[in-house]
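Protein chains: 2
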Amino acid sequence: MDTVQAAHTTPAQWMHDAAARARAASAVLAGLPEAARNAALREAGAAIRARAAVIEQANARDLAAFDTSGGSKAFRDRLALNPARIAAMAQGLDEIAALPDPLARTLADWTRPNGLRIERIPQPLGVIGMIYESRPNVGADAAGLCLKAGNAVILRGGSDSFHSARAIHEAVTEGLRAAAVPEAAVQIPPASDRAYVAAMLGAAGQIDLIIPRGGKSLVERVQAEARVPVLAHAEGLCHTYIHAAADTTMAREILANAKMRRTGVCGATETLLIDAAIAPALLPVLVSDLRALGCDFRADARARAIVADLPAASAADFDTEWLDAVLSVAVVDGVEAAIGHILRHGSEHTEAIVTADEAVATRFMRGLSSAVVLWNASTQFCDGGEFGFGAEIGIATGRMHARGPIGLEQLTTFRYLVLGSGQIRP
Amino acid sequence: MDTVQAAHTTPAQWMHDAAARARAASAVLAGLPEAARNAALREAGAAIRARAAVIEQANARDLAAFDTSGGSKAFRDRLALNPARIAAMAQGLDEIAALPDPLARTLADWTRPNGLRIERIPQPLGVIGMIYESRPNVGADAAGLCLKAGNAVILRGGSDSFHSARAIHEAVTEGLRAAAVPEAAVQIPPASDRAYVAAMLGAAGQIDLIIPRGGKSLVERVQAEARVPVLAHAEGLCHTYIHAAADTTMAREILANAKMRRTGVCGATETLLIDAAIAPALLPVLVSDLRALGCDFRADARARAIVADLPAASAADFDTEWLDAVLSVAVVDGVEAAIGHILRHGSEHTEAIVTADEAVATRFMRGLSSAVVLWNASTQFCDGGEFGFGAEIGIATGRMHARGPIGLEQLTTFRYLVLGSGQIRP
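Protein chains in written order, with the working numbering: chain A, 9 to 434; chain B, 9 to 434.
There may be inaccurate statements among the hints.
Unchecked claim - Sample of chain B residues facing chain A (criterion: CB under 10 Å; computed from the structure):
(1) Arg128
(2) Leu217
(3) Glu394
(4) Gly396
Claimed, not checked - What follows is a list of derived Cβ distance ranges for each label pair:
(5) A:Thr119 - B:Gly39: 34 to 40 Å
(6) B:Gly210 - A:Thr76: 41 to 47 Å
(7) B:Ala43 - A:Pro434: 29 to 35 Å
Stated by the list, open to error - Residues from chain A shown here face chain B by an in silico Cβ test under 8 Å; the list is partial:
(8) Trp118
(9) Arg120
(10) Leu124
(11) Arg260
(12) Ile262
(13) Asp327
(14) Thr328
(15) Leu331
(16) Trp383
(17) Asn384
(18) Ser386
(19) Phe422
(20) Ser429
Think of the hints as simulated: they come from the structure by calculation, not from any bench. Just so it is clear, the structure is predicted and the values come from calculations on it, not from any experiment. The beta-carbon is built from N, C-alpha and C at its ideal position, and this holds for glycine as well.
Sequences are here, hints too, so could you generate the full structure?
Written as structure tokens, this is what we have:
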């Protein structure tokens with residue numbers, strides 16, 4: 009097996025060699041028919057099912073180490089695997105196998121006046137580096153999406169989940185072997201040393217893309233240090249703006265969902281902007297709705313003039329991604345003020361407007377440059393599955409290559425075929 | 009005017025401030041209707057025409073300085089402006105104004121089972137840094153393309169063309185002013201100091217994309233040092249492969265064009281691969297054709313066994329982008345050998361096959377990952393104009409964001425609009 013190296017190899021040397029093996033594997037993968045890539049995914053799923061007990065034992069080692077270190081309950085929950093979660097991981101690989109082949113599309117196709125026919129077709133990106141934190145299932149998902157799109161991947165999970173990641177990787181490797189796909193298509197470092205992260209970030213020219221998935225500090229470190237292109241979002245400071253012409257029932261339902269459906273996801277709303285014209289009537293109702301769901305508030309002076317017992321927001325609160333049952337609240341005067349607030353405080357991730365006024369909605373959608381802008385829908389829809397991508401490997405808020413949910417399509421690049429009949433250039 | 013700073017500003021400070029001004033300008037540009045962007049382009053073209061004499065005088069200063077430094081004739085030719093070249097620069101801006109608006113398209117559009125309608129729409133990239141060498145017209149072209157796509161741009165031309173670039177920039181600024189577009193949409197550093205290049209390369213988070221256009225050493229330096237995403241190609245080591253089933257007349261015409269139409273462009277063929285089955289009959293004819301056009305050769309032993317007076321190729325010759333009237337020649341055994349040679353020696357830029365056999369052509373096109381692969385056409389077609397893009401700002405061979413000719417479409421990113429009717433996420 010080529011995934012465990014002699015202990016005397018340095019992390020930088022291991023990464024260099026692993027990336028070279030991944031490059032060779034990616035060339036094979038790019039030429040494989042869809043059926044072969046899908047077979048590898050299904051075999052990997054089957055191997056995960058067959059090795060469920062081994063994976064659970066490995067996870068128990070990680071949990072035992074975690075319990076002696078005294079981390080948070082939420083973190084432990086993300087780290088823990090059980091039979092249902094292991095089955096879901098295998099199921100996820102089957103579902104990726106069932107998705108349409110992202111390499112089979114023709115992206116564009118036109119004929120020039122001289123008769124040259126030009127086709128733009130998808131091409132795998134090549135070698136992807138995935139850096140993630142506690143959830144061990146992210147490794148299986150990422151391996152599945154990268155493989156389906158014809159890419160090799162090097163997975164670097166959190167050190168807390170090292171044994172779990174290793175056991176999952178062994179199952180995936182077994183699947184690759186069963187489908188006669190190069191094992192180097194999915195690799196993990198042989199140890200949990202953080203130097204492997206640094207080695208990955210420095211592998212310019214060897215790794216084509218790094219996708220970090222985790223908390224803000226992880227992503228910001230990757231963005232600051234990587235010499236390799238990065239597709240990511242550091243935070244999702246998402247806004248819901250309730251315009252004066254909002255349907256109040258719709259506004260109540262959307263805000264409760266956008267804030268409280270799940271508070272820890274990047275598409276959760278962190279700040280409510282509400283028009284001054286509607287706030288006296290609607291804000292008390294919204295506060296009451298959300299309080300019933302366990303939500304706390306940080307409100308500006310204008311909101312507190314309407315609901316006196318709202319805690320006061322500090323200047324920093326409107327720049328805070330709570331990822332918790334807390335909502336910043338500001339009263340604004342119309343759509344331009346809402347846009348201005350979002351441009352000052354937002355993270356270009358996801359924003360929503362609730363209004364029955366199409367002209368106002370259009371202005372809001374055109375005035376922002378966030379990756380996803382919704383009209384009369386919950387910000388929690390910012391998700392690859394909800395977009396119909398089948399699965400996602402993360403969400404991107406940068407300007408290059410892809411924005412919003414990163415699905416199979418975003419894990420490809422393109423190239424041109426030009427079909428001629430002897431044309432020469434004048 | 010905000011483009012000339014006090015002399016005591018350091019290059020890093022100037023770039024920091026310029027990027028902040030560019031960011032503000034880009035937000036205005038992104039919201040401008042097409043007519044306003046086009047008016048700025050036409051006004052800039054008109055100002056270049058009106059200031060033709062001033063631009064020529066500035067260019068004369070650059071040429072005088074160049075003549076005392078004793079550079080090459082080819083370099084001087086690239087640097088020199090005359091009334092025809094200045095008129096062409098203005099005409100180029102009018103032509104960009106006449107191109108379809110890259111921001112007006114809907115890139116994709118679908119409706120989810122829950123009724124959410126999702127639209128993927130274009131978005132300007134933001135702030136672009138353009139680094140180029142001697143040709144002063146590149147600055148006008150780049151400004152035009154960036155503006156049309158709603159981007160602000162900072163232009164850093166070669167120090168040899170500083171006065172020319174400055175005079176062109178003044179004309180463009182006049183055009184922006186006449187069209188009431190923020191002047192900071194197009195900026196150039198106030199001095200020719202190379203530290204401005206370093207400042208641009210380090211402006212992570214402030215500049216969204218750097219496009220270097222010039223020789224291999226410039227591009228490689230930018231790629232190695234930039235902390236900002238780069239769209240570029242370091243070299244175009246392009247191959248033409250003549251398969252055994254090629255039409256010989258077509259093969260002769262394509263090769264002569266691919267190598268000799270212009271030898272200094274990145275899409276020029278640098279290496280001929282010819283099948284062993286056809287080489288004894290065809291290679292002598294090809295050599296004779298190209299010799300008549302002034303081409304020299306570096307040939308492997310198998311080619312020299314057929315045409316004895318071909319100069320012998322060294323090992324490095326097949327890795328050399330000649331950009332001159334020189335052709336490397338290797339005899340190969342079939343399409344797999346041709347693909348193997350290109351994967352070992354190519355630069356993922358442009359390759360062509362000449363064959364009447366569709367299965368072989370398909371194998372060649374599928375077996376390579378170069379940005380452009382042509383069948384029965386000249387490699388010199390790798391060009392934004394020839395692709396129908398109207399104009400190009402460069403050619404990219406990397407994997408992220410865009411590959412091949414970089415036209416207006418490639419100077420945009422995208423975002424999603426999601427149109428609902430009160431949907432909340434289950």
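Cross-check of the supplied hints:
no.	hint	result
1	Arg128	holds (8 Å)
2	Leu217	holds (7 Å)
3	Glu394	holds (7 Å)
4	Gly396	holds (6 Å)
5	A:Thr119 - B:Gly39: 34 to 40 Å	holds (35 Å)
6	B:Gly210 - A:Thr76: 41 to 47 Å	holds (44 Å)
7	B:Ala43 - A:Pro434: 29 to 35 Å	holds (34 Å)
8	Trp118	holds (7 Å)
9	Arg120	holds (6 Å)
10	Leu124	holds (6 Å)
11	Arg260	violated (10 Å)
12	Ile262	holds (6 Å)
13	Asp327	violated (16 Å)
14	Thr328	violated (20 Å)
15	Leu331	violated (17 Å)
16	Trp383	holds (5 Å)
17	Asn384	holds (4 Å)
18	Ser386	holds (5 Å)
19	Phe422	holds (6 Å)
20	Ser429	holds (6 Å)
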